[in-house]
Amino acid sequence: MHGMINRAIQCFLRDTYGAQAWLDIAENADLGFENFEAMLSYPDQITLDVLGRAARHLHKPVETFLEDLGTYLVSHPNVEAIRRLLRFGGENFTEFLYSLNDLEGRAKLALPDLEVPTLSVESCGDGTFRLRCSSAMPGFGYAMVGVMRAMADDYGALVFLEHSGWMDSGEEVITINLLEVAYAEGRAFDLFGRIGDGI
Amino acid sequence: MKHATFDPTSVCALMPMGLIYDDDGIIQFVGPTLGKLRRADTLIGKTISEVFSVRDNGRGTGDGPVPLSTKLYLNFTSGISTPLKGMAIAIDGANLNILNLSFGISILDAVADYRLTSGDFAHTDLAIEMLYLVEAKSAVLEETKQLNARLQGAKVAAEEQAYTDTLTGLKNRRAMDYVLDRMLRGGVHFALMHLDLDYFKSVNDTLGHAAGDTVLQRVAKILLEETRGDDMVARVGGDEFVLVFNKFVDHDRLMRTASRIIARLEEPIPYQDTVCRISGSIGITTTEFYASPSADKMIHDADLALYGSKHDGRAQATLYDPDRHDGGMPDGQVAPQRR
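Which chain is which? The protein sequence lines are A and B, in order.
By the numbering used here, the letter at position 100 of the first sequence is numbered 98, and the numbering carries on one by one without gaps.
Add 660 to the 1-based position in the second sequence for the numbering used here, that's all there is to it.
Keep in mind that the hints were calculated from the coordinates and are not lab data.
No farther apart than 30 Å at their CA atoms in a straight line, the calculated lysine-lysine pairs in the DSSO-like style are these:
#, chain 1, residue 1, chain 2, residue 2
1, A, K106, B, K805
2, B, K957, B, K907
3, A, K106, B, K797
Negatives, chain B to chain A, calculated, CB over 10 Å:
#, residue
4, D667
5, K696
6, T730
7, S766
8, N832
9, R845
10, H869
11, P930
12, D963
13, K970
14, R984
Quick caveat: nothing in here was measured; it's all calculated off a predicted structure.
Heads up, the beta-carbon is just placed ideally off N, CA and C, and yes, glycines get one too.
Given only the sequences and the hints, what does the whole structure look like? Please build it.
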């Protein structure tokens, strides 16, 4: 798994549960180092080990843990860059949802070796959308639920999100009920406003 | 052909940075994004040349105020100049022309200067992808910079922690300190030999540093050959070496070893099509001289003996003699009792 993803998991654990919790988990997972490097690659098994150990260490179901991770990625000031890059997707939450279809391509523009899940969003009418998500990392859909929940807050949209399980192909399906596009104020977003300025 | 149905609003939806001007160059209609750069009501009624300076590098056609059908470079004549790229075409028979504009490489500044949002760009415009890419690449570059800084720090730390002299493969001063400390704590008897090369500086000065390096590597080889596996050879300065002989304190044999080393150092060392000639001066002390030996004291005394060798004409070895050498000790230390 790309170092960016591992690094994000590390930052989530550190910023949410404290430096010591991260060190304990790293030791438990037998990493042999204390910090993931965002610009290096690591075997997939390492990521799975860290996630497994973390969920056990925190006494949380993996699904909840992944959803919290997704929320963190978009809402914590230490990883503001991710939120900004997602906000480039569109001016409102509906546009953002459709922009997820391009997310894989966009990510590859910036980091060709980043393995991003393939996402496809389609409207089912009545303000309901279905997001299908296929990833090398099982359970990624739960992280996407967290991401979308936080992005809805970011845009000020009112949504109801539900992980609707797995297809036979291994794809995860998420149902999104968009109740109101402009429910609350949302957070400001400027196209210009360099990464880091918001921290 | 009828042009009564020409609708500037729909044209400018396609080209939000566009404007429409008549054949006299007077601006008639301004696209919504261009209107964010300069308010539309301040542009309409003015001529193109009042608002913009236009440059076509002599490639355009037509007699109108703006060269047609070619790449144009424009700047605002007042306020923030914001370099723009553009192209103008005539609408046949309508007495109107369309000038479409784009930011080109000024996009980053423009977005900041005019607080543009993604809705300000045509759906076909790659501006948002461009901004996205700039931002993503900046984030990636920042990570890479941090990684480089960390690797650089790790390299420095590793070098500091290293025990090896990279040029000769011998131990370095750090390693020597560590070995001496360990041996002294273990109460091991040993001899410490301080070797300083003679005439090395002249090799460096006349033949260059590469020759000097060759000599140092040759010296290292000799020293390793003249010592045993559990002895230690360290390069502790440019042309200074310390040899530690484990459980080897017999004075006569130490002096014979030192003489053999000097003899071998004096063998000419081939370098390119010439040879380098050096020698060495040596000072020796052993743990036997001290009631409670310390590394600092032993190095100091070996130094005193070494300077005795230098003083007596170089290329020789001197054994530390408490009566002779400590008499001249500047810090007035009391000479240790010989056991």
